[in-house]
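Spelled out, the chains give:
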Amino acid sequence: MYGRKVKLRFFFVLLILITLILSIYLILKSLEDNVVYFQSPSEIKVLAEIGKKKIRVGGMVKNNSILIEAKSIKFVITDFKNEINVTYSGAVPNLFTEGKGVVAEGFLKDKNFFLATKILAKHDENYMPPEVKAALEEK
Amino acid sequence: MFKFFEPNKIFLITSRAPKYVLILFIIILSIGLTEALILSPEDYKQSHSVRIMYVHVPAAWITLGIFSSITFLSIVGYIFKIKNFFLISKSLAPSGFVFSITALVTGSIWGKPTWGTWWAWDARITSMLILVLFYLIYLIVCRIYENDDKAFKISTIVTILGIINIPIIKYSVEWWNTLHQPASVNIFSNSSIHNSMLIPLLIMTAAFALFSALIFLMKYNTELIKIKNKGLDRL
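Going line by line, the protein sequences match chains L and X.
Residue numbering for the first sequence is 1 to 139, as defined by the working numbering.
Residue numbering for the second sequence is 1 to 235, as defined by the working numbering.
Please keep in mind that the hints were generated in silico from the structure rather than gathered at the bench.
The reader is advised that the hints may include incorrect statements.
Some but not every residue of chain L turned toward chain X, in silico, with C-beta under 10 Å [unchecked claim]:
#, residue
1, 37
2, 48
3, 51
4, 92
5, 94
6, 96
7, 100
8, 103
9, 106
10, 122
11, 127
12, 133
Computed footprint of chain L on chain X; a stretch qualifies when at least three of its residues, placed anywhere within it, have a C-beta under 8 Å from a C-beta of chain L [as the list claims (entries may be wrong)]:
#, region
13, 20-28
14, 70-79
15, 83-97
16, 119-131
17, 204-214
On a predicted model such as this, the values are computed, not experimentally measured, just so you know.
All C-beta atoms, glycine included, are put in the ideal place defined by N, C-alpha and C.
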């Protein structure tokens, strides 16, 4: 069979790996709030206090909620449980539409109103040609 | 036991194979590019910017695959003291490094028209950047230490540290909220990408894999020549 040295080296590598995995797991677990790129409206609802720091809220743009005014655009971000009203002035990405994912960066006024300074469109994992999309919608 | 790894016999293969791999690579790449850039349909939502995906995704897959292979070879090679595995890992690393940067850069180019930003510090993109850094550390370690034994030991430790990052890259989009979308191609469940787009993607992956094989063979050949020049007839 294998020599004693080989076994020792095997356990050495194994122990390093286990130790690393556990420590990285602990670090990521405790930093979870910072690892997430955005919070959902439901998570905003249960916030203990409204900070002055810039945050990101993400979810779907609610259908029929986009309201374009002279200097600003208003819409509602929903995660189908809770909603948040967003006001933003500036250019939106091309893929920003109703019923699609969005991430808004900015400041909370209160738990229902969000003043965005930047809008990012979130793309989903569906890739298909326009004809297939049209066929799916007909069904 | 390791007679198979005798450099002289391997050298016969590695000195001739690149030519054929290169020809095959050019053929597959031209088919892949024609499919990806001309024949495949545009996306219903992103329209033509979907074509960036045919470079981005294969590059990301290959770079993850290469780092995993390097780690596996380094660990097995370290435990059983197979020096040849170190030479293989060392020769695999450059193309993995190039593809990790390719994935980041094409992702950035795609992100601007789609998301509206070049860069976001979300979990997927940040962990990918960490992978680039690990490749860089690995390559530098291989260069710093003239003594191969020492380079082998330290680079093995680098790969063990870096391998923890691989599942984080893969699952970051499922574990946390990220700007990056979840995987569209799944082996065990239905893929959310239409077949007319999946096929060019797979052809491009094959082309990139061949490119990695080509660079690997050339690098490995150089390592074998170095051994020859030292006047050793085996490792």
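Taking the hints in turn, this is what the structure says about them:
1. 37: 4 Å, holds
2. 48: 19 Å, violated
3. 51: 18 Å, violated
4. 92: Holds, about 7 Å.
5. 94: 7 Å, holds
6. 96: 8 Å, holds
7. 100: 8 Å, holds
8. 103: Residue 103 of chain L check passes; min Cβ-Cβ to chain X is 6 Å, inside 10 Å.
9. 106: 14 Å, violated
10. 122: 6 Å, holds
11. 127: At 4 Å from the nearest chain X Cβ, residue 127 of chain L passes the 10 Å test, so the hint holds.
12. 133: The hint holds - residue 133 of chain L has a Cβ within 10 Å of chain X, the shortest such distance being about 4 Å.
13. 20-28: Three-residue rule not met by the region 20-28 of chain X, so violated; n is 0.
14. 70-79: holds (count 3)
15. 83-97: That given contact is violated, which follows from only 0 residues of the region 83-97 of chain X lying within Cβ reach (below 8 Å) of chain L.
16. 119-131: Three-residue rule met by the region 119-131 of chain X, so holds; n is 4.
17. 204-214: Violated: only 0 residues of the region 204-214 of chain X have a Cβ under 8 Å from chain L.
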